[in-house]
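**Student:** Chains as they are written, first to last, in this note's numbering: chain H, 6 to 420; chain G, 49 to 161; chain V, 3 to 479.
Worth flagging that the hints you see were computed from the coordinates, not collected in a lab. Bear in mind that the values here come from a model prediction, so they are computed numbers and not experimental data. Take these hints with a grain of salt, some might be off.
Mimicking DSBU-like on lysine-lysine, the simulated pairs with C-alpha atoms at most 30 Å apart in a straight line are [claimed, not checked]: (1) Lys-160(H) / Lys-122(G); (2) Lys-81(H) / Lys-136(G); (3) Lys-51(G) / Lys-184(H).
Some chain G residues close to chain H (C-beta under 10 Å, calculated; not the full set) [as the list claims (entries may be wrong)]: (4) Cys-58; (5) Met-60; (6) Gly-61; (7) Cys-62; (8) Arg-65; (9) Glu-90; (10) Cys-91; (11) Thr-92; (12) Thr-101; (13) Ala-111; (14) Met-127; (15) Ile-129; (16) Ala-135; (17) Lys-136; (18) Pro-138.
Just so you know, even glycine gets a beta-carbon here, dropped at the ideal spot from N, CA and C.
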Amino acid sequence: MTEKHDIVIVGGGPAGLAAAVAAYDAGVTDVVIIDREEAPGGVLRQCIHNGFGLHKLGRELTGPEYAAVYAAEAVKRGIRILRETMVTAVSPDREVTACSREGILKIEAGAVILAMGCRERSRGALNIGGTRPAGIFSAGTAQRLINCEGYMVGKKAVILGSGDIGLIMARRLTLEGAKVEAVCELMSYSGGLTRNIVQCLEDFDIPLYLSTTVKEIHGRDRLTGVTVVAVDESRRPVPGTERYIECDTLLLSCGLIPENELSLAAGIPLDTITGGALVDERRETEIPGIFACGNVLQVHDLVDYVSDEAELAGRSAAAFVRGEISQEKTVTVSAEKGIRYCLPQRVHTDAGKTELYMRVAAPAERVKIVARDGERVLLEANRRRVAPGEMEKITLTPEMISGAEEIRVSLEAWK
Amino acid sequence: MKKELVCIVCPMGCRIRVDGIGDALTVTGQTCRRGEEYAIAECTAPTRTVTSTLHLEDGRSVAVKTAAPIPKEKIFELMAIIRAATAKAPVRIGQVLIPGIFGTDIVATAAVD
Amino acid sequence: MVYDVAIIGAGIIGAMTARELSRYRLKVCLLERTNDVAAGASRANSGIVHGGYDPEPGTLKAEMNILGVEKLFRAAEELHVPCIRNGSMICAFGAAEEPAVHALYERGLVNGVKDLRILTGDEARELEPELSGEVSLVLHVPTAGIVCPYKLTIAAAGNAIDNGIDFYRNFAVCGAEKTDEAFCLRAESGETVEARYVVNCAGAYSDRVAALFGDGDFSIIPRAGEYLLLDKAEGGRVAHTIFQVPSAAGKGILVSPTVDGNLLTGPTAAAVESPENTEITPEGVETVKALSARSVPGVQFARVITSFSGVRASEKGGDFIIRTSERVPGLVHAAAIDSPGLTSCVAIAERVTELLSGAGLVLEPKAHWDGTRPDTEAFRHMNDEEKDAFIRENPDYGRIVCRCEGISEGEIRDAVRRAPGARDVDSVKRRTRAGMGRCQGGFCMPHVMRIIAEELGIPEEQVTKKGPGSHILTGRL
Chain H
6 MTEKHDIVIV GGGPAGLAAA VAAYDAGVTD VVIIDREEAP GGVLRQCIHN
56 GFGLHKLGRE LTGPEYAAVY AAEAVKRGIR ILRETMVTAV SPDREVTACS
106 REGILKIEAG AVILAMGCRE RSRGALNIGG TRPAGIFSAG TAQRLINCEG
156 YMVGKKAVIL GSGDIGLIMA RRLTLEGAKV EAVCELMSYS GGLTRNIVQC
206 LEDFDIPLYL STTVKEIHGR DRLTGVTVVA VDESRRPVPG TERYIECDTL
256 LLSCGLIPEN ELSLAAGIPL DTITGGALVD ERRETEIPGI FACGNVLQVH
306 DLVDYVSDEA ELAGRSAAAF VRGEISQEKT VTVSAEKGIR YCLPQRVHTD
356 AGKTELYMRV AAPAERVKIV ARDGERVLLE ANRRRVAPGE MEKITLTPEM
406 ISGAEEIRVS LEAWK
Chain G
49 MKKELVCIVC PMGCRIRVDG IGDALTVTGQ TCRRGEEYAI AECTAPTRTV
99 TSTLHLEDGR SVAVKTAAPI PKEKIFELMA IIRAATAKAP VRIGQVLIPG
149 IFGTDIVATA AVD
Chain V
3 MVYDVAIIGA GIIGAMTARE LSRYRLKVCL LERTNDVAAG ASRANSGIVH
53 GGYDPEPGTL KAEMNILGVE KLFRAAEELH VPCIRNGSMI CAFGAAEEPA
103 VHALYERGLV NGVKDLRILT GDEARELEPE LSGEVSLVLH VPTAGIVCPY
153 KLTIAAAGNA IDNGIDFYRN FAVCGAEKTD EAFCLRAESG ETVEARYVVN
203 CAGAYSDRVA ALFGDGDFSI IPRAGEYLLL DKAEGGRVAH TIFQVPSAAG
253 KGILVSPTVD GNLLTGPTAA AVESPENTEI TPEGVETVKA LSARSVPGVQ
303 FARVITSFSG VRASEKGGDF IIRTSERVPG LVHAAAIDSP GLTSCVAIAE
353 RVTELLSGAG LVLEPKAHWD GTRPDTEAFR HMNDEEKDAF IRENPDYGRI
403 VCRCEGISEG EIRDAVRRAP GARDVDSVKR RTRAGMGRCQ GGFCMPHVMR
453 IIAEELGIPE EQVTKKGPGS HILTGRL
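Make the full structure from the sequences, and use the hints.
**Tutor:** This is the structure in structure tokens:
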């Protein structure tokens, strides 16, 4: 069966929903969202904690509530959402193949928006030594089992990784009666938001061990304990600092990886740092008519920014469908010292006001983000405190961009 | 008293310092009024919004939260009440499932058909 | 009921022996100590069909390997298990190692290996461009291949079960008594079975099993081998299985594509105290990385998706032990089956059957024996039109559960239903690859647990990772 639609959105999480609504409001009403789960909302459905929406909606919501706001907007507009349907291929000429209980569906799309989200780094990718017992979960899997399926995953837990999901799960396990013995963080700083360190760990006296990792896993059938070890500046274990912690559960919260298998198969070039597509200021990938937004493009810490990015992608896809394509050249945007990556990676010289999103390489205080064109300073933005866990953004004006040859962004001391 | 804390009202993470005794507290380091309110509340009567899930009679569960923050020291007491309770589907977002505990209600944060 | 034959151990040797015996009008049981077949070395090994250049001429290993290669390819075809003749290359790095290539070539000729060739480094790099520039001489073995060892074990056991043999899980034999005309085998659970003949295929435990019968004249040395499995993005790095000549730097570290399209590197070889010792060590991981990079420098280890370790059962004599017990009539050992055991498995199963016959077991062929097994991966290999038609008849195949490997609910249900049915999450993984991809089950595990629970009619809390004791959930909220 082959259908034709103006815009096909792969993924019905916060990015896909916001992109669909924005595309519709930009005048392209033939929008289809394809989602693999039984209901839209993506990972927000299992993020039952609060803290979503302060920037975007001006009130503090839980994940399911935030998702429901956007799902309701999509429903109000009559946007079609295909549920329990998995996109298996996207071709460079925008033919989308999907699979569901009804069969294989093919859609010729005017534009495609990739919004597949991300996945968690697994134990295998971390190369932790020891045995392979039950009781080791990625934090998000445990979150789903507890919050969506109603099961408890353990009684005594250690959490490796102090990203937000790890912190949130430390609190969740504690509230459900488990004892969280420790949260270990490989780096010398936490990758999570401060509010989560305060409300998820300090509130419950859960210790956070920085510069510490899990070296070995013990237990044959079910986990019986882990050996943790301190690491030096180059993240190598320091001999003699090993410590055994008895536990039946290990949660891994060691980073998120944009899920770009479809993009790779479509031949879309990716950024080696973000793990997402290389995009321009409209979130168009290097394949015309295919856009990307949300965690499949770059891993965000706030869903509010996901929604912003998705709305931009949605409007851009609508413009593409209407044939409004920039004929101007693009200039590259590159991250330099102190900045790990900067997105978008290229901008058209006729771009309007453009926000550059970035992550710093390490925590720092009293710094400035500097955007330059060659040696010419375009913009300086002071920051009292920056951390890799918190995305930064600066805004370039059309005047800054129009004459530029090459935009470089760096982090410098605040003088 | 003298207390240093990191503000959690927004992702800015301002480092706030609270000095003083009783009602005469001085707050420094914040960049907004909500930060000041948070700091005083943290030092006098800390509160938290609690989120969890509540059992439904049919074996499923629904995500819930306290409609307003409750005293921090009541968190586990609240969890015990939530765990002992059940609700009946269908549930809509915002529906009060357990009224009147610690001055607020337990409301559904997701819909269940 | 008294069985004619009890086979102890459902690794590749036990499973293949069960399949071989299922040809005859016999009552046979296959006893396995764990929750699934292929629990030991058959789960975690290199998956190589060896050409036969390596074993010392005159040994059982040489005989079984040469006999076994073509028999294995045939059995794999009948069982619909992917087995690819990709050829292997044994590499020398510089003049000092080159004599070893010539010696292996000569040994291969004596053993009767066909089509062996010696290639210069440059000739080899023309076939295999990613091969290190340091490689100076190569033994090319075109008859060698790759197979997935646990899929072959599952298929062989499944085919044996389909042909009437009985499979007992969680039956850890801890006692053996001779009664009139039969052995009574007792499991740790207290369960017993009786059988007139017993085949000991207990892998790393085969010396302990022999001792239960009062036959203690060999002892197994467990040796652990650690492997790294890489993402399919690395799977095309090499086409051949790349070995190094045995040297001080390392013995047998290989870089090989797998039949599923991943890249496999390893193994290390470390003597371990217990067959249970399948731990991953940081040292082992580093050794595998360093030595495999010597052969194929371009391997991107950032793309490791999992590491695993398998314990091989060796014996100090170095050869297979395939013989009738001298002390215990009716007991046949197929023990110390380390490399090239996988290659030899069909030949060994046939040899065991001959030994049983020699010991008095009457082999009367069944009228309707079917040595084929339906292709469990048929759905995965369909094109979109075929899949569409199939899903319309069987909607469960349209619901993708494992997004990394594209595995559907229908395939997972099949894995539980089709003998030997999966009873836990890891068993589903080995049958379907659900959970074997990049996310390692992060997304699909809750779904897989639900499907297993539904199929077995048990609460989800009782679903385990790998059998008793390995529960995943600790209860309902």
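**Student:** All hints are to be evaluated individually against the structure, with a verdict given for each.
**Tutor:** Hints, verified against the model:
no., hint, verdict
1, Lys-160(H) / Lys-122(G), "22 Å, holds"
2, Lys-81(H) / Lys-136(G), "27 Å, holds"
3, Lys-51(G) / Lys-184(H), "28 Å, holds"
4, Cys-58, "6 Å, holds"
5, Met-60, "8 Å, holds"
6, Gly-61, "4 Å, holds"
7, Cys-62, "9 Å, holds"
8, Arg-65, "15 Å, violated"
9, Glu-90, "9 Å, holds"
10, Cys-91, "14 Å, violated"
11, Thr-92, "16 Å, violated"
12, Thr-101, "6 Å, holds"
13, Ala-111, "4 Å, holds"
14, Met-127, "5 Å, holds"
15, Ile-129, "12 Å, violated"
16, Ala-135, "13 Å, violated"
17, Lys-136, "16 Å, violated"
18, Pro-138, "14 Å, violated"
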